[in-house]
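There are 2 protein chains.
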Amino acid sequence: MQQIATATEAGGTATQAAILHRLCQTVERKLDDPDLTPARVAEAEGISERYLQKLFEGSGTSFTHYLRERRLQRASAELANPAEAHHSISEIAYRNGFNDSAHFSRVFRHRFGLSPREFRQQEVERATVSSVAAGQRGWPQQALAQLRNHHPLVNARKSAAPPQADCILPSNGGEHRHHHLAVEASRVHWGYFSRSLPPQAEVNSGDTITIETLTQHASDDPARMIKGDAGAESVFRWTPNAKNVDRRGAGPIDASVYGRGAGEGFGVHICTGPVAVKDAQPGDVLEVRILDVVPRPCRNRDFEGQVFGSSVAAWWGYHYNELLTERKPREAVTIYEIVEDAEARYARALYSYRWEPQTDPFGVVHATYDYPGVPVVPGSVKRRHNVLDGIRIPLRPHFGVVALAPREVDFVDSIPPSYFGGNLDNWRLGKGSAVYLPVSVPGALLSVGDPHATQGDGELGGTAIECSMTGTFQLILHKKADMAGRVFADLTYPLIETETDWVLTGFSHPNYLAEFGAKGQSEVYATSSLDLAMKDAFRKMRRFLMNIKGLSEDEAIALMSSAVDFGVTQVVDGNWGVHAILSKRLFEHVPRS
Amino acid sequence: MQQIATATEAGGTATQAAILHRLCQTVERKLDDPDLTPARVAEAEGISERYLQKLFEGSGTSFTHYLRERRLQRASAELANPAEAHHSISEIAYRNGFNDSAHFSRVFRHRFGLSPREFRQQEVERATVSSVAAGQRGWPQQALAQLRNHHPLVNARKSAAPPQADCILPSNGGEHRHHHLAVEASRVHWGYFSRSLPPQAEVNSGDTITIETLTQHASDDPARMIKGDAGAESVFRWTPNAKNVDRRGAGPIDASVYGRGAGEGFGVHICTGPVAVKDAQPGDVLEVRILDVVPRPCRNRDFEGQVFGSSVAAWWGYHYNELLTERKPREAVTIYEIVEDAEARYARALYSYRWEPQTDPFGVVHATYDYPGVPVVPGSVKRRHNVLDGIRIPLRPHFGVVALAPREVDFVDSIPPSYFGGNLDNWRLGKGSAVYLPVSVPGALLSVGDPHATQGDGELGGTAIECSMTGTFQLILHKKADMAGRVFADLTYPLIETETDWVLTGFSHPNYLAEFGAKGQSEVYATSSLDLAMKDAFRKMRRFLMNIKGLSEDEAIALMSSAVDFGVTQVVDGNWGVHAILSKRLFEHVPRS
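Protein chains in written order, with the working numbering: chain L, 717 to 1309; chain H, 717 to 1309.
Same shape as in the complex, but just chain L (with noise of 0.2 Å):
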């Protein structure tokens, strides 16, 4: 949930809320008992059980209705896990607080479409399938499965208010404006893409607009990130009564599955935005300039004026599962120096520590790096001094997030990055570069976000040196109508342009929304790899050569032989990537048709 009203409304909204999670908490704990009651959860909680409905019903649901849902949750997952494979149907449904084993078996086809025995059976072929999935971020199938029937006690932002850009301001040209998005929590959406989302911002082909970003990391160091930056403590603030930007992932908001909070952290990327173009529509492709990249400096008057960025090395990271030293497994956090003077600019390590069990302030324990976002507590890491002594990391600032709203679902987990862009992670995509992306909503809706400082090729231990930044961009929109001869005139894919070369983004799974359905967000993550990436960005390369330079197949292949550079883009982002690189130079003696 996304707080946008004013300050005292805002202190009515999120207690009504933190009640409602307490609530649910205690529904929770007590889902085995087959006597459970408005009355007793009111009584427990010490308010009415009118008030209790009414909170149920503020957020579009009944008790009556979450409780059989959460039952039937989870009893669906127990049947899922072969862990519980032991259990016969009736003993999973008695310990879900069903007494009566033919009516859990009634209610449970009307709710998934399958008797309890035919749903386990096509879990456990799923998870033969899967089985590379563990370890991996997808999201878990009754995550899904309660996404895509949504009754969402809380909506992911109220769009009663419809928010603003920040300003306006003629530019220099006369006939476009500049735009400035500072970010705020209204402005960002935290963990996911969505066509539903009311723009932040409006602006015409060719505007210009400044928007402010934030590391999603900030939180690693607060006392350098956040404090003292009225943006960065708006989206971070999180206290037991109030929590600014609820929602951070595209996973359920009642934080169901595994707990972990709203959004459950099937998402972890800050975005601001979105900001919708005049006339856009599908078929159309946005050209997203880069104008600019400026680090953001702390407002701490203790650092004033320094920059900072985070490394996490967390356990979605590559490393992970291989580690050699103890302790095993482990999460690392790097706090670095950004640097950047007329002589040198490079990233130079603080201190870094490993990850100890946080408490979140609305009390959910974090034993791993669940998502980014958590406070961490001063004092309750051990801060080891002295790494990568002397060591200056080269800086390649640049956005890992320029995303347009993508068509297939609404709510899209911000990791996977696919057609419409999104987590790219491609540090070529900095200042002077440009990227194209096809439209497939109306207004295109742009986000950015995922601000990095340097990353290298691979991103391999989850993170890149993530450090808050302000871009300048250029918006230019290209008609479906007047693409041809253009180099996106049959783009269906990221295309990056920097000032030397075209670099063609592929994936394992071009577009892993469409091609899984509505399992995409969690097979995704299943079935990675570099072959299938190597696949996608060869073919991908292949036709940007035929259709757009012209050239013959056998042509194409010849040249990709010699002169195409293929790079892994990352191993990090549930649709693993690999780019490949065609340098401008090659075509600057070519005689034009």
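Honestly, the hints are just simulated from the structure, not real lab data. Be aware that a few hints might be false.
To be verified - DSS-like cross-link-like pairs, simulated, lysine-lysine; straight-line CA separation at most 25 Å:
{"#": "1", "chain 1": "H", "residue 1": "Lys1098", "chain 2": "H", "residue 2": "Lys943"}
{"#": "2", "chain 1": "L", "residue 1": "Lys1235", "chain 2": "L", "residue 2": "Lys1265"}
{"#": "3", "chain 1": "L", "residue 1": "Lys1098", "chain 2": "L", "residue 2": "Lys943"}
{"#": "4", "chain 1": "L", "residue 1": "Lys1265", "chain 2": "L", "residue 2": "Lys1251"}
{"#": "5", "chain 1": "L", "residue 1": "Lys746", "chain 2": "L", "residue 2": "Lys770"}
{"#": "6", "chain 1": "L", "residue 1": "Lys1251", "chain 2": "H", "residue 2": "Lys994"}
{"#": "7", "chain 1": "H", "residue 1": "Lys1265", "chain 2": "H", "residue 2": "Lys1196"}
{"#": "8", "chain 1": "H", "residue 1": "Lys1235", "chain 2": "H", "residue 2": "Lys1251"}
{"#": "9", "chain 1": "L", "residue 1": "Lys994", "chain 2": "L", "residue 2": "Lys770"}
{"#": "10", "chain 1": "H", "residue 1": "Lys1265", "chain 2": "L", "residue 2": "Lys1044"}
{"#": "11", "chain 1": "L", "residue 1": "Lys1098", "chain 2": "L", "residue 2": "Lys1044"}
{"#": "12", "chain 1": "L", "residue 1": "Lys1044", "chain 2": "H", "residue 2": "Lys1251"}
{"#": "13", "chain 1": "L", "residue 1": "Lys1251", "chain 2": "L", "residue 2": "Lys1235"}
{"#": "14", "chain 1": "L", "residue 1": "Lys1265", "chain 2": "H", "residue 2": "Lys1251"}
{"#": "15", "chain 1": "H", "residue 1": "Lys1044", "chain 2": "L", "residue 2": "Lys1251"}
Please arrange chain H on chain L, whose structure you already have, making use of the hints.
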């Protein structure tokens, strides 16, 4: 077979070889005849039986032995072939000249250690596992078996006449000498590495050596790349009566498996050398510094002084089973001119042609581009001009192959790269760079070849722009006892150093010869994957950062995530490669301990 004798001697030996070749072909055609005798074969070829026996004996076997071996090989190939599954074992025995199936079973078991029935079952299982090998160019099992039990009709290279380096000159420094190894039939080995090859030169650590290398693809346009060039003419000379370098590949010399010719093309690179390094012993490291790389100009008066190269999109290319346009499948050769003037260094395509069946001078028809070196008869292909029109491909001159002799087996296919170097196909191995290679055999035995004018990361179509070049190298031996604290202290793979970077070479199978044992040379083709190569590159880089740079594992992972670039080296060399690049610049300010 490699002819290194005088002109008259060469004529005699070549004649004998040609007769033996024809005898073998006759045997091959009549394997099904249970009454085949040496007398009948001799009669068919118009020679005496005694001369026939002498020819077979001269190559270390006997007619009877050879005939039985060929029958068993053919029978085992049919037993292993799923397409022959409907034939009974007795039928297969009869078809191959055995008129008693009990006798067949006995000799088969004696030869292969399994009964025909057990052998067939084993091959069915193997085929299931390695069905992905289809379309790759790994060794068939029978070829491996044949080679392991080698009784080659003709040895790889006569060791009777130990060759010498062309000339040895005192270098300027006084202490170290300069050597020159001109290319010529007697100084190359084609398609394989071997610990048994006699050295062509012996150098001291610190000496420099100029090594001429030829592209094995020169016969794609003999007029531009062979004619008038005495060295190239010597290596490529192949008439109905003489083939100066007989063995092309590490396969059986009697061309029995596919009948493609001696060596079968299991390995393709013309390698100059080997060069022995005095005092080199297993456990040492040889540093091969590339001081200069110069293209080899054409000596044909029609094109005198120009430089040419060839690139083949061949059946072993990544694209081959993925072609979009007709005809399918097909192979295409592109001939390039290499331009190096003061203003620009680039390759431009001159023309291309599609491969048409070529009959080699020994009468074998090559319907596909079986291996490089089959002379393309002018007029047998249709040249297409205006290909890649106006496109200028920047040069990256380098050597695809820099190898030390492997220790595991004697004849090693030159295609899959491994711990000993070999076909690295990394364009970073050019002028100013060095590669560190672990020494496995006394003298190290360095071979250099596969010169490339340029190549893209991936080498997608199967070849680079292949172009004869001459390199000047300095060879520095690092003794095992003196390595502590050096960058190659625990080296187990080829480590490339450029002026700016460390480039670590990852492979699908870091040492496929040891990993797969006798089946290594075919299994590696069947099981290559970028995912495996990525894992290897990650592990090698972690070890480098921990052992050589003294980082903790947490530091190593953090640095890899933010500063190490993983890229695709090649997806066409059997053992696919991913490299990891570490910039030296990172460490410029690290205090020395």
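Failing hints, ascending?
Checked against the structure, the hints that fail are numbers 2, 6, 9 and 14, while the rest are satisfied.
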